[in-house]
Amino acid sequence: MNAIATPQAPPQPPSHEPSYLAVENTVRSWLLTTDHKRIGILYMISITLFFLVGGAAATLMRLNLLTPQGALVTSTTYNKLFTIHGVIMVWFFLIPSVPTVIGNFVLPMMLGARDVAFPRLNLASWYLFIGGGAFALWAIIAGGVDTGWTFYTPYSSTYANGHVIAMATGIFIAGFGSIATGLNFIVTVHKMRAPGLTWHRLPLFVWSMYSTSVILVLATPVLAITLVLMALERAFGIGIFDPAIGGDPLLFQHLFWFYSHPAVYIMILPGMGVVSEIIACFSRKAVFGYYFVAYSSVAIAVLGFVVWGHHMFVSSQSIYAGMVFSILSFLVSIPSAIKVFNWTATLYRGSIWFQTPFLYVLGFIGLFTIGGLTGLFLAALAVDVHLTDTYFVIAHFHYIMVGGMVMAYLGGLHYWWPKISGRMYPELLAKLSALFIFAGFNLTFFPQFILGYLGMPRRYHAYAPEFQVLNVLSTAGASILAIGYFLPLAYFLWSLRYGKVAGPNPWQATGLEWTTESPPPEHNFTVVPIVTEPPYAYDPVAAEEALAAKREQREPAYVR
Amino acid sequence: MNSIKPYVMVTGALFVLLVITVGAAYVNLGAFNTPVAMLISLSKASLIVLFFMHVRHSNPLIHIFVLVGFFWLGIMLTLSLSDFLTRHP
Ligand SMILES: [Cu+2]
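Same order as they appear, the protein sequences are chains Y and Z.
Heads up: the first sequence is residues 1 to 560, going by full-length UniProt numbering.
Heads up: the second sequence is residues 1 to 89, going by full-length UniProt numbering.
In short, the hints are calculated from the structure, not lab data.
The model shown is predicted, which means the values in this text are computed figures rather than measured ones.
Heads up, some of the hints might be wrong.
[To be verified] Quick list of the computed label-pair ranges, beta carbon to beta carbon:
hint, chain 1, residue 1, chain 2, residue 2, range
1, Z, Val22, Y, Ile225, 53 to 59 Å
2, Z, Ile4, Y, Ser19, 46 to 52 Å
3, Y, Thr532, Z, His54, 35 to 41 Å
4, Z, Pro6, Y, Val501, 40 to 46 Å
5, Y, Pro68, Z, Phe71, 48 to 54 Å
6, Y, Thr344, Z, Ile75, 31 to 37 Å
7, Z, Tyr7, Y, Ala490, 38 to 44 Å
Glycine is no exception: its CB is placed at the ideal position from the N, C-alpha and C atoms.
Okay, chain Z solo, but in the shape it has when bound (with noise of 0.2 Å):
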């Protein structure tokens, strides 16, 4: 990825999703608004982490570390869920 023109398609796919983003919040697509917001946000990060930060052409060893990261964030969120579903109201 020597060249510039990757980060220049990233950058303009990110101001696409940035419109699409506000575009959904004048939508109201009932159940699914945040499952929607979630995607565009889901597919932003990929590419910030993928090119942006250069995983998609690191070692194994990287691809790892990354990996954890987000297993970790899982970790926070499951058992963090695991309280609030199961409150009694």
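Isolated chain Y (complex conformation) (with noise of 0.2 Å):
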């Protein structure tokens, strides 16, 4: 019988090291480690923290909703939580996750490196991250912010009444932090690929992550200039945002968004990274079109940057602005039309095998494909005027953000859970809470398509009567949603002391993470991997072979 999955290299001898988690356990080993895997971590657990303060904002917006005239709360509240909302889970949560700790675990490792470029470097990234979350948190803590995550003049300027600045900062030094991210991941991929990997055999995640950390580098300083014009502004009166003092009123939203619009790329290609290798693992088949799903990643880092101006439709932008925009923004859903399909194809004619993460995949695909194709709506002139600021928006970019990348993220936590920690999650339990997820997802932002279009406007905490009905649907789902984000949270933690112990090739997947141990040693490799293979060579027929001789001595099809 033939093997059903080729790895890029053999199997790595033994190391007798310990792991990277038993090497040393003191408070210090960990602060100033410059271990990959030691720092994934770290992001892991600080992103999670971020992820319950947005999600408390988000609960208490929720809840707010249930009745029309907005009882929780007064209106000056409710904009301080959007904003909080906002400004946490984009910089402090989104942005971070798939690439600082999924991207920091395993891209060495998928390059056959024992570290990436700049090990330092990669721990001060971490630093400048924490240093401006503090920022924010204290910005939050006395007294928070009204602006809306976007921070748009005049709001933050002439007219602002809260912490402004001290938010600004925190973002402009997380930042900092992204941007050194971006370019370590840049020189890793070019300079630590091991012998015989070469670019077209790299796994289809490094290249979504190359894509991002180009995006990470190109994009980011544009933010940390827009936010620090917008501090002199405020705080010395120069004219650059406010026409009465000689600046532009739409300046701020043209840089803001040059950053923003690619920012949601980043926010979403390290998910399409995810979804490929996952797919391919547990459909036993090649990625279809390994070349164009490649290529797409890097189309959608370029196109990303010429479309900015699709969230200025109604802004007083010229209407020809308006037009080449409109344009461009239909372009950039060729890409990512591409990747759905060919993941759609991928399936096609594999071995399908229904592991918690290959769940959150499917629901990816589900999810991402309608939040991008009600992207075209709103990237259509005419119909963006109605649906501007309505809940409409609100639901389009969640079903891409958590519809999409946070999807990704749990599925890949997941798949990549047996070699972080070295054990295995409960399936069951997982499969479950992955089901609550799509279900209370999907109960909480559809609703928010319907409402967007009868013309409820996002950000206000009291709403007309006849919206309550959708509005009390989307906080229950809300719930099921939250219930569904406590579980693996829960599991995640008692697997690490009961789960199942994985050994280093769970899933018999191709990768050159997987052949090593789990959890591998502090230098993941003993011997440095020589790459003969291409990724993805798994056997389908070969797979469902395996799994029919299974079926017939009766063991239960738990490895396949």
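Dock the two chains into a complex; use the hints.
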């Protein structure tokens, strides 16, 4: 019988060294570590805490929206809540999520490297992230900011009444962490690939992380500049955005969205990379159209920079610019569509294995498709005039960011958890929570498409009574979603002690990270892997045969 | 570029250009005010990129990344101007 998967390099000989987790376990050894795996764990813990903060703000908002008069909080508090939710979730959860946790952990291993190119810079990135986060938390505790996560002037300058500069400083500092991470990954991919690992043998996760890193390096400085200009105008009255003192009222939005639309791709491209890995492994087939999926990541990184004006259709931007940005926005959907079609084609005649990571990936594909297609509504000038600043927009980008990226992040965590911890998570419970998340997510956000279409505006703490039923449904969905998020937190912690020991390659996957032990030794590989195979050398026919043989012996099909 | 001499020379040139910047600010050149200021700052930036950032003596991959950076700056300026230049008064 043929092997169902041929790894990119032969399995590593036993290392006889303690794993990266067991090497040394003082607080100091964690806080001063330069091991990419430990830094990944540091990020995992920190972004989970930030997720709880952002989630708490969302919970209060959803509770407030149970009644049309918004009985729970005042409108000022509500403004602060959606600002906290946006700022924390975008900069302190979504942007770092897959790149800094999963990327840090598996990218060097996928390349057959002992670490990233600049390990100390990697640790510095985490400290910048934490330093920025501390500023943001301080701004929240000291009284909050009510501008929304977009910091539009003049809310954030002339009429600002919150701790705008403290919050902006936090984002500014954390941004440098992002830039350093992007730079680190670019150099790592160029310089640290194992012998034989040519560009076209790279796993697709590496392609998507590379593209993401390019965006991080090229876009984030513009955000930093924009925030500095905003602070200069606010603190010293230098006319940059305020027309009364010589500025241009739309310049802030141009600069902000020059960063923030590409940032949307920072928040989805890494998830797409995770999807490619998982879909190949659990359908036991090479990803259909490797080159198209790989280069569509690069295309997204480039085209993502030329569409920002679709956030400004009703801002009094010129009609001509609106038309240009509308056409370009339609263009950027092409590489995303290529990915979705190629993933679907990968499933065809695969040997499908319904494990938790795969469930998340199926969720991703469906929800990302809905999110992407509704994006086309918003890219159309005329339709957008009606839908701007309604719940339709909220639903659209939550389908991309929560339905897409959070699904991919959780799918990736389940997929690589055996590698990270050396233990299996409880499969049945994990499947159950994946279903909770899928059901809860749709119940939360699908009604918001309808609300937005009917005209309910975003960012108001009260609403017209006829919208109540759909809002109650949405809040009910959010509580199911919350249960779905707490379950993995609980069983991942449980599995650290009680989970079944995973072994080096529980999924029989092909990537280099699976040729080493779980959890890996400090330097990942005992001998330098020499890559002789393309990625995803899976054999679906052999996988089906192995499954049939197992069925005949009435063995549980736990490991194939 | 192991010797310190080129850095000293570039630093000197930057200070000279700084003096020219300040001087030019006091002379009214009419329509040429902005282009002249831009030209001076462009030469300052080029000196920094080529010598202080070692781009002049780096390999082609670095050159590509530097060009990409400027190309992206071009995207930002061009598409922003597609709004500014076509607004109805
Ligand atoms: Cu956008």
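Do the hints match the structure? See the list:
For the hinted restraint 53 to 59 Å between Val22 of chain Z and Ile225 of chain Y, the CB-CB distance of approximately 24 Å leaves it violated. For the pair Ile4 of chain Z and Ser19 of chain Y, the supplied restraint of 46 to 52 Å holds, since their beta-carbon distance comes to about 47 Å. In this structure the hint that Thr532 of chain Y and His54 of chain Z lie 35 to 41 Å apart at CB holds, the actual value being about 37 Å. For Pro6 of chain Z and Val501 of chain Y, the Cβ-Cβ distance of about 60 Å falls outside the hinted range of 40 to 46 Å, so the restraint is violated.
Our hint of 48 to 54 Å for Pro68 of chain Y and Phe71 of chain Z holds, since their Cβ atoms are close to 51 Å apart. Roughly 32 Å separates the CB atoms of Thr344 of chain Y and Ile75 of chain Z, a value that falls within the hinted 31 to 37 Å. Between Tyr7 of chain Z and Ala490 of chain Y the CB atoms are about 58 Å apart, so this pair departs from the stated range of 38 to 44 Å.
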